[in-house]
Amino acid sequence: MIVGGGRWLLALGALALVLLWAFGAGKFQVAPPELLRALAVRLWGAELDVSPAVQTVLWQIRLPRVLAGLLVGAALAAAGAAYQGMFRNPLVSPDILGVSAGAGLGAVLGIYLGQPMAVVQALAFGGGLLAVAAVLGIAALVRRHDPVLVLVLSGVAVGALLGAGISLLKILADPNTQLPSITFWLLGGLSAVTAADLAATAPALLAGLVPLALLRWRINLLGLPDDEAQALGVRVARLRLVLVLAATLATAAAVSLTGIIGWVGLVVPHVARLWVGPQFGRLLPAALLLGGGFLVAADTLARTVAPIELPLGLVTALVGAPFFLWVLARPGHE
Amino acid sequence: MMRRRAWLQAAGALACSGLWDGARAQAAGEDGVVVGRFGSQPAPQQVRRVFAAGPPAAVLVAALAPEKLLGWPWPLSDAARAWLGEPLRSLPHTGRLAGRGSTVPLESLLQWQPDLIVDAGTADASYLSTMRRTSEQTGLPTLLIQGRIAEHGAQLRAVGRLLGVAERGAALAAQADAAVALAEAVRASVPLARRPRVYYGRGSDGLETGLAGAINLELLEFCAGRNVAAQAGSGSLTRVSLEQVLAWDPEVIVTQDAAFARRALADPLWRSISAVRQRRVHCAPVLPFGWLDGPPGVNRLLGLRWLLQRLHPGHPALAALPPWPQALAQFYRSFYRLEQPPAPWPSLLAED
Numbered sequence: 001m002i003v004g005g006g007r008w009l010l011a012l013g014a015l016a017l018v019l020l021w022a023f024g025a026g027k028f029q030v031a032p033p034e035l036l037r038a039l040a041v042r043l044w045g046a047e048l049d050v051s052p053a054v055q056t057v058l059w060q061i062r063l064p065r066v067l068a069g070l071l072v073g074a075a076l077a078a079a080g081a082a083y084q085g086m087f088r089n090p091l092v093s094p095d096i097l098g099v100s101a102g103a104g105l106g107a108v109l110g111i112y113l114g115q116p117m118a119v120v121q122a123l124a125f126g127g128g129l130l131a132v133a134a135v136l137g138i139a140a141l142v143r144r145h146d147p148v149l150v151l152v153l154s155g156v157a158v159g160a161l162l163g164a165g166i167s168l169l170k171i172l173a174d175p176n177t178q179l180p181s182i183t184f185w186l187l188g189g190l191s192a193v194t195a196a197d198l199a200a201t202a203p204a205l206l207a208g209l210v211p212l213a214l215l216r217w218r219i220n221l222l223g224l225p226d227d228e229a230q231a232l233g234v235r236v237a238r239l240r241l242v243l244v245l246a247a248t249l250a251t252a253a254a255v256s257l258t259g260i261i262g263w264v265g266l267v268v269p270h271v272a273r274l275w276v277g278p279q280f281g282r283l284l285p286a287a288l289l290l291g292g293g294f295l296v297a298a299d300t301l302a303r304t305v306a307p308i309e310l311p312l313g314l315v316t317a318l319v320g321a322p323f324f325l326w327v328l329a330r331p332g333h334e
Numbered sequence: 335m336m337r338r339r340a341w342l343q344a345a346g347a348l349a350c351s352g353l354w355d356g357a358r359a360q361a362a363g364e365d366g367v368v369v370g371r372f373g374s375q376p377a378p379q380q381v382r383r384v385f386a387a388g389p390p391a392a393v394l395v396a397a398l399a400p401e402k403l404l405g406w407p408w409p410l411s412d413a414a415r416a417w418l419g420e421p422l423r424s425l426p427h428t429g430r431l432a433g434r435g436s437t438v439p440l441e442s443l444l445q446w447q448p449d450l451i452v453d454a455g456t457a458d459a460s461y462l463s464t465m466r467r468t469s470e471q472t473g474l475p476t477l478l479i480q481g482r483i484a485e486h487g488a489q490l491r492a493v494g495r496l497l498g499v500a501e502r503g504a505a506l507a508a509q510a511d512a513a514v515a516l517a518e519a520v521r522a523s524v525p526l527a528r529r530p531r532v533y534y535g536r537g538s539d540g541l542e543t544g545l546a547g548a549i550n551l552e553l554l555e556f557c558a559g560r561n562v563a564a565q566a567g568s569g570s571l572t573r574v575s576l577e578q579v580l581a582w583d584p585e586v587i588v589t590q591d592a593a594f595a596r597r598a599l600a601d602p603l604w605r606s607i608s609a610v611r612q613r614r615v616h617c618a619p620v621l622p623f624g625w626l627d628g629p630p631g632v633n634r635l636l637g638l639r640w641l642l643q644r645l646h647p648g649h650p651a652l653a654a655l656p657p658w659p660q661a662l663a664q665f666y667r668s669f670y671r672l673e674q675p676p677a678p679w680p681s682l683l684a685e686d
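Going line by line, the protein sequences match chains A and B.
Following the working numbering, the residues of the first sequence are numbered contiguously, the last one being 334.
Following the working numbering, the residues of the second sequence are numbered contiguously, the last one being 686.
To be clear, the hints were calculated from the coordinates, so they are not data collected in a lab.
Since the structure is predicted, the reported quantities are computational estimates derived from the model, not experimental observations.
Don't take each hint at face value.
Stated by the list, open to error - Quick partial rundown of chain B residues pointing at chain A, CB under 10 Å, derived from the structure:
#, residue
1, Gly433
2, Thr437
3, Pro439
4, Leu440
5, Ser442
6, Ala563
7, Leu580
Glycine residues also receive a C-beta, built at the ideal position from the N, C-alpha and C atoms.
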């Protein structure tokens, strides 16, 4: 596979276009000249006449939303790529270890108890981390089987358990007020993201992404059987733990900000692999770029194509699932 | 009447499809609000125990015949119970009956042996068939009532008769009719173009709302307001973005969520909205039941007056109303059997 610098430049250019489109489009009509004036006022302190409502829409609502989409998409795709490499399985997504189910249960509990949005987000974040901690704890106790298999299976079981908890709270919730909120949260979306939310979540997101970036050349080695990797001097168990923690931190932060958004972590790594090949050192930046761009584009569609706001998870599934099937059915694809 | 015609069409379709066979149902009797009766119906004076299938029905039965209500279909908070009189305050949580979404075990229902199961809500074909199946499966008689806000008077009269408390039903219906007439008077006097544009925010971030026709927002149009979200189409609840709300720029914001009301007034992001600049952000009381919705039942009758005052302050039709404490004492006594409020009446309106 030839990866010239030109292709990266092309991808960055495409991302820039997507960001520009996302920033310019929305329910609040901002004419292009006014958009340019607002940019001039903000970036160069030009003294031009721009209405305060437009300023609020552009800088306080749209910009945090676009940035959140970029970060969350990048984080989900990177975590997905890391998990797929780590588990030597192209079908895993970042929520394989129960992080989404844990975050979902945390958030649903917060809504059920009538907590404000900030508390709901904190509970979602904590719930996601706790779920994965439980999975890791269980996997550490079971030593008779292949550690990767044990990890995945306990993730599935814990996820199912937490899903049952979500169902229970849905049944108990007030059907007139809480149940719609719970449903909307579980559908995922960026509509409520503010700059403060973004500032609170970004550190955790980055704290998860940085170790992935630093260790990106070693993740390839986890694709080998454990004993071969060990023979090459890799401390497999420890590396795997660090990666799981980093990917979980990023995913939990992303999910606490946006609710559950499927398909990004599953599909984007595949596209990235088609584009730059399976070497994780190149795969990770490609996944970050594509994931961020894809989610920003999906969110822009979600907030512009219909008169109402479509749930983001719905858009990613509508785009992601058919694409995934296409990749699966492509002749000559391994 | 449009609604009755729609109902008859639905009934006709059901009859043609054969679903209707065997069900002893009578269509559109009792003022048009009784839309389905299945199983062998008891004589009114024999109805002693009533199971309410869902929240609107429970509030209806609680107002009419509190001593006959078996329990609440959803768990009431202690704060809500404090604003109910006995025996309503100490009734247990029974669970709701709603087809696959039911939380009441059918066997418990059989153990309680209610004389009648009452449900109130939008009467579509799936709703009707659920009630019919329940009746066939358990052998218990069911009664399905429909009713939007304008029909609460008819509901109270019809169900009052069927539960053997016709006089009480008539007395409560008179109150309902008065509230509805007040709204109709205001509506008749304010032309469409002069009605305030209202955003109804739900959820703690206030970014859930209802489209045109959503039963949760029925009061807005009924009280001569214009739902800004109706521009986005019709349907039920939906999520919107703050950007969308800014684009709508509503003149009034109403909510039942105190956290959202405080946030809308304090958060700089909401500041450029007309309603926030004019301090026309209003939070309706929710105890024991929501005044605007939640559930969409007779509990909303107080919300009519409240919303009219918020949307049309100084309207001449509102001038002669009794002061709030007096109106509250009267409504809570007659609908909720509350004699002694747990806190002074004005505290109910404190979040507004």
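Those earlier numbered hints the structure runs against, lowest number first: Hints 1, 3, 4, 5 not satisfied by this model.
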